[in-house]
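Keeping their order, the protein sequence lines are chains A and B. Mapping to the numbering used here: the first sequence position 153 is 153, numbers consecutive. Mapping to the numbering used here: the second sequence position 187 is 634, numbers consecutive.
Among the hints, erroneous ones may be present.
To be verified - The calculated DSBU-like cross-link candidates involving lysine-lysine, where the alpha carbons are at most 35 Å apart (straight line), are:
1) A:Lys212 x B:Lys638
2) A:Lys212 x A:Lys79
3) A:Lys79 x B:Lys638
4) A:Lys322 x B:Lys638
Don't read these hints as lab results, they were simulated from the structure.
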Amino acid sequence: MEPLVEPKPTTAGTLAATQDLFTNFYTFEGVVRALNGVSVVIRHGETYGLVGESGCGKSVTVRSLMRIVQAPGRIDSGKILLFLNEANRTRGIEIVDRTEAYMESIRGCDISMIFQEPGAALNPVMSVLDQVGESYRFHRMQQMIDETLARLQESRSAMRPADPRRALRRLQAALLRAERAGYARYAARVARIDNELYQLEDRQDEKARDRKRSLNHARDRTWPHGGGASVARRVPILRRYRRPLDAIIRGHVVELLRSLGIPNPENVVQRYPHELSGGMQQRIVIAMALACHPTLLVADEPTSNLDVTIQAQIVELIKELKRTSISSVLFITHDLGLVAEVCDRVTVMYAGDVSETASVRELFREPLHPYTVGLLASVPKAEQQEELSMIPGAVPNLIRPPQGCRFHPRCPKRMEICEREKPATVEHEPGHWVACHLYPGNGRSAQ
Amino acid sequence: METKTDQSHLKAMHPRLRELLFTLRRFMKNPLSVIGLSLVVIFGLIALLAPVLQPPKYADPYKIPHTGFRAQPSPPSAEHPLGTMQQQYDMLYGLVWGTRSAFRIGVAVVAANLLIGIVLGLLAGYFGGALDEIIMRITDIFFAMPFLVVAMALVVAVGRGLKAVVIVLIILGWPSYTRVLRSDILVTRGKDFILAARASGASHLRIMFTHILPNALYSVLILASLNIGTTILTAAALSFLGLGSETGTADWGQIISLCRGWILGTAGNPFAYWYVVFIPGFVISLFVLGWNLMGDAVRDVFDPRMRRR
C-alpha cells in the first residue's frame, strides 16, 4: 500500500514535510503510540498552525521534525524531508537516517525553536550573554572570527610602530587565523560528506548502504581542528587570546536583543534568567532562536504561559519577525483565536492523527472533520446566549488507542466503518484535506 | 542610601570581579559560615606553620618526640603545654603536625573521590541504559558492605600505614558521590532548557559539561566539603583500631589510639587523665565542625538559583 501522503511535498515551495510519521514512546506501562502516521507540509514563506487539544501530538510532531524526541521516545517509521535551499528544492533531504552531528548543524541554524515556558527553557546558571551567544558559537564561528580579525587589524594599525602591544595583537591574530582555518576545513569536509550522502539517499543497494554508513561515521568524527589554537583555547590563561572574539559576539548579542525591543541590552546580557520578567525571558528565548536567521521558526505554544498583554506583545513580535527576518513559522497552539490571527494554513490534530488541513479562511468557513466542527463550536463567543457546546469524552489513552479512526468514540457522526478502518486523507476541495469516512475519496485521494 | 552608593560603584567594575565581591559579601553576612571559614583557615595556618610552631626534633617531622618511656600520661606543664601521652609523647607537637596529616588525608581522599564520582555519575546519569545499570549496581554492592569492616580488611590487604588508609578510603568513598550526582543529572536532564540547548544545536559533550554539570554539581560539592571532616573521622577510627599509622606518628587517630587505655581514669577518679581524651577529641570535633559549616555556606553562596532573592 502506498503511504498516505497529504499534499505531495514536491508541490511548489515546500520547506519541510513529514510523511507518515510514527513516533512511539516505550514506557513501563506500554508503548504510547503518540504519532500515528502524521503527514504535514510546511511551505516557504507561510505561517503554519498546528492545533489540537493537549496530548494530541503537536509537540511530538515538531520534536520529531527536529529529531529531539526525548527518551524513551523514538521515531519508528516515516520520512522527514527538508527543502532548505536551491540545491535541494526539488528533492528534499531525508533526515531520519542522518547522524546526530548533521542534525546539530541544522538545529538552531536552519530550524530553531521557541519553547512554551520561557522560565524553564533558559539555563539558570548561564547568563543571557552566554546562552544567546551559544547560537553564534555553534553556527557562525567563521563569520565571528573574520569580524574579530578585522577589528584586530584596525586596532593594530592605530598603534604606533614601536608599541609592544602590536606583537601581542599579532599573536592573537595568528591563533584566531588558525582557528578560522580549522573551521573552514571542517566546513568544506562536512559539505563534501553531506553532499555525497544526499546523492546516495535514494539508493538502497548493499554498496550504497556501506558507503552511507562510513560517511555517517566520518561525519560524526569530523571536528573543527584549529591546530595549536584548539589547545590554547582550553588552557586557562592562554584562552585570553579569544577575548576580542568574545567582545564581537557580545556586540552581536546586544544588537540582537536591541532589535527585539529589549531596553538597555548592555545591562540585560549580564543578567541571569531569574532576574528577568516572563515577557523578557520569552524575548531572550526568541533571541536564541533567531540569532542565526533560521529558515523555519518553530513556536511551541510560545504565549500560553504569559499574561495577556505580554501575549499580545510576543505575538506581534513574531508577526513582525515573520515579515522582516524569517521565512516560515510553525505555530503550535490550542488557541483558535490565535490561529485565526497569525496563521495562513492550519492542521488540526487529534490523538496523533492529522484530522484536517486547510487554509485558515477555509477551515473557519467550512470545517469538514467532526472534530474540527466540535472544536470551533466550543470556542466561547461574545454574543453567545445558550450553553457552551463541548466535545464529550476526553483524549484517549494512547497506549491502547481506539481502533480505526481514533476519534470515533467521541464522534457525533460515528458510522460502523469508523471502528474498523483508519480513514484515508483525501483532498475534498483543492487545498482542503480531511481524514474522515464522511468524505470518501473522490478520485483525488492520496491512495 | 549607603547600599545605593555601593551598587553604583559595583556597576563600574568588571562583571567577574563584581560577582566575586557579591559572593564574598553574602558569605560574610552569615555568622555560621564565617565561623566555619575561620576554623578551616586557622587549621590551615596551623598546618602551614607547623615547622615554625613546633620545630621537628627528628629527620622525619611526623615522628612525635618523646621524653622517656613512662606509661602514665602527664598533665599539662611548662615543658609540655598540653601534657603528654602514654610513653611521654608530646601532645601539642602531635596535634600540630597531625593537622598536616589531616589535611593530607582529607584533601587527597575527597579530591580523588570527587573525580571518580563525577566521571562515573556523569556517564551513568547522562547516557543511562546499560552503562547506568552497571555503574549503579556496582555502587549498590559498595553500599551493601559494612564500611568499617571492609575498610579494615582492605587496609590489612594493602599493607598498613597512612598511605594504605588513604588508598582504601578512595576505593570505598566514591559511590556516594556517584549516586548523588547521577540523581541530580537525571533531574536536570529532563529540564526544558536541555531540550532548548539541543534545539539550538548543542552537542552531547557541550550539553553534558556546560548545561547539565554546572546545574547538578552543587549537592556533590556540598557533600565533598562535608566529607572532608567525615573522612578524617574514619581515618582516625582506623588509626584508633591500630590499622593506620605506626605508633608515635603525628596523626590524630594515632594520638587517640595512644590514649585509649587512659580513657577510664583511675579507680575513684574517672577524670584523672581528662586531658588525653578531651584535648585531641576537641580538636577533631572543631576540624569536622569547621568543614561542615563551610559546606553549608558553600551551597548558599555558589548556587545562582538561591541568590539575589
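The hints, checked one at a time:
With a C-alpha separation of about 34 Å, the suggested pairing of Lys212 (chain A) with Lys638 (chain B) holds against the 35 Å cut-off. Annotation: proposed proximity of Lys212 (chain A) to Lys79 (chain A) holds, straight-line Cα distance about 17 Å (limit 35 Å). Between the alpha carbons of Lys79 (chain A) and Lys638 (chain B) the distance comes to roughly 28 Å, so the proposed pair stays at or under 35 Å and holds. Under the criterion of a C-alpha separation no larger than 35 Å, the hint pairing Lys322 (chain A) with Lys638 (chain B) is consistent with the structure, at around 29 Å.
Going through the hint list in order, the structure satisfies each hint without exception.
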